[in-house]
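There are 2 protein chains.
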Amino acid sequence: MKVAVSGKGGVGKTLLASLLSRIFAESGYSVLAIDADPDANLAATLGFPHPEKIIPISEMKSLIEERTGTRAGQAAAYFKLNPKVDDLPEKYSQEYKGIRLMVMGQIKKGGGGCYCPENTLLQALVSHLLLARNEVVILDMEAGIEHLGRATAKAVDKLIVVVEPSRRAVETAYRITKLAQDIGLQNIAVVGNKLRSQSEREFLISSLPGFEFLGFIPYDLNNLPPVDASQPIITEVRNIHQALLSTIGHQT
Amino acid sequence: MKVAVSGKGGVGKTLLASLLSRIFAESGYSVLAIDADPDANLAATLGFPHPEKIIPISEMKSLIEERTGTRAGQAAAYFKLNPKVDDLPEKYSQEYKGIRLMVMGQIKKGGGGCYCPENTLLQALVSHLLLARNEVVILDMEAGIEHLGRATAKAVDKLIVVVEPSRRAVETAYRITKLAQDIGLQNIAVVGNKLRSQSEREFLISSLPGFEFLGFIPYDLNNLPPVDASQPIITEVRNIHQALLSTIGHQT
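These protein sequence lines are chains A and B, in that order.
Position one of the first sequence corresponds to residue 11 (our numbering), numbered consecutively onward.
Position one of the second sequence corresponds to residue 11 (our numbering), numbered consecutively onward.
In case anyone wonders, no lab produced these hints; they're calculated from the structure.
Among the hints, erroneous ones may be present.
Any copy will do: because identical chains look the same in the list, a pair fits if it lies in one copy or spans two.
BS3-like, lysine-lysine: derived pairs with alpha carbons at most 30 Å apart [claimed, not checked]:
#1 K107 with K63
#2 K168 with K107
#3 K107 with K188
#4 K119 with K188
#5 K188 with K63
#6 K118 with K63
#7 K188 with K168
#8 K119 with K164
#9 K118 with K164
#10 K119 with K101
#11 K188 with K101
#12 K164 with K107
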């Protein structure tokens, strides 16, 4: 199963991606978490002790050349070999508490350019990775909509859009859904986050008619990092995990 | 004066950019506001009646070709003519309540590509635009750090980083500052937003030692859109406007 977590900046994508990764790992899945946002820090959020040692996917260029003789621009050829998760070299991932983590790209120098090449490599990787039944890939996408222009997540089984109870977050959800359909992504669901009241829940449901809601995560009054998330939050993400499994029928 | 508003997604960049635009306009400045985030909606936030009619900067390609005979990739040549704000064609901007608005790019189709060409055009425009003493350009940047890789805002007089009282927002502020220095942007200041208490204010001050704080905007309990911002918020943005004027000494 391949899942991408998307949404407006600040809605809680990394919170959901990290808790889902933990819950999948605890329930016996082999989890590959991919941090696709250069301004996120999924590694720290998951408690990885030495996140700075992870070599980013962008550096796989050299690996691809070495193994296939093709240059990075022709990366798709390498990935058409349909690697399995176990084939991914240790060097480009770290494992901690049952979660294997890859990061898309390091922070570049100011003026160092965009993240287009990294997104191209990541798309090829996600598209061609063959998963076993008990394996799941969870992508923490960059904020906003540009990754959809780049079609980075087009091969996922489920695109989760995180929304908080604000008009702006709802607008972004509509934009993401429309753009996702352009790239053939139909399987989209919504998760509400930062909910303080029943009326905020109703605001989201009435603002997004026809959308599939996987769950509603309560507001974290203590503003704790996800690694210390409170019990009500973890309980709700467990429900979201169950909803996700039933909605995509345990397929890989 | 050219100002860019940056920060992690969801911290309130569009709130600050829109209120600053209004306050500059009310105090007699000629304001050019530029929405540089394809997932933002500065036009709607400023109350523009027909935002969908604004032709984005990305479409200036045709204008550049028409006037100079060069293609979009060579746009810099056009902008080296150092246009004044009044030279910018009406077609690419709308005016409402003393604010002229330009938008960087429309939402593309999913899979339609990245926003690199738009950022290149915008950078050239901001760099070469000659401003009179009473003119101000306010850029609402995209969430996160990629625009710094692209150096979109490298010609501004002041880069404002908006932070909310959270570790993640503070981390992004450090990343932005480091990247901004790579592109020669030294004049950086911070605005705190969504403050609920004195202790949150102290958290920000102690987390960002040595940073220049222009002000601290209180949390909006009613979650109102910026156009209906409450009086305490507007009062604080007026103070930020004053701090901005004194910090960059009214220069253009």
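We went through each hint and held it up to the structure:
1. For the identical chains of this complex, K107 and K63 are intra-copy neighbours only, at 17 Å inside a copy versus 52 Å across copies, given an alpha-carbon limit of 30 Å.
2. When the C-alpha separation of K168 and K107 is checked against a cutoff of 30 Å, the pair qualifies only within one copy, where the shortest distance is 24 Å, while the shortest distance between copies is 44 Å.
3. For a Cα distance limit of 30 Å, the shortest separation of K107 from K188 qualifies neither inside one copy, at 36 Å, nor across copies, at 32 Å.
4. For the homomeric pair K119 and K188, the shortest alpha-carbon distance between copies (8 Å) is at most 30 Å, but the shortest distance inside one copy (33 Å) is not.
5. When the C-alpha separation of K188 and K63 is checked against a cutoff of 30 Å, the pair qualifies only between copies, where the shortest distance is 20 Å, while the shortest distance within a copy is 37 Å.
6. With identical chains, the CA atoms of K118 and K63 are at most 30 Å apart within one copy only, with a shortest distance of 16 Å there and 36 Å across copies.
7. When the C-alpha separation of K188 and K168 is checked against a cutoff of 30 Å, the pair qualifies only within one copy, where the shortest distance is 15 Å, while the shortest distance between copies is 36 Å.
8. Proximity of K119 to K164 under the C-alpha cut-off of 30 Å is found in both arrangements, the shortest distances being 28 Å within a copy and 13 Å between copies.
9. In this assembly of identical chains, the alpha carbons of K118 and K164 lie at most 30 Å apart whether taken from the same copy (25 Å) or from different copies (15 Å).
10. For a Cα distance limit of 30 Å, the shortest separation of K119 from K101 inside one copy, 23 Å, qualifies, whereas the shortest one across copies, 36 Å, does not.
11. In the homo-oligomer, the alpha carbons of K188 and K101 lie at most 30 Å apart only across protomers (27 Å), although the nearest pairing inside one protomer, at 37 Å, exceeds that limit.
12. In the homo-oligomer, the alpha carbons of K164 and K107 lie at most 30 Å apart inside one protomer (28 Å), although the nearest pairing across protomers, at 42 Å, exceeds that limit.
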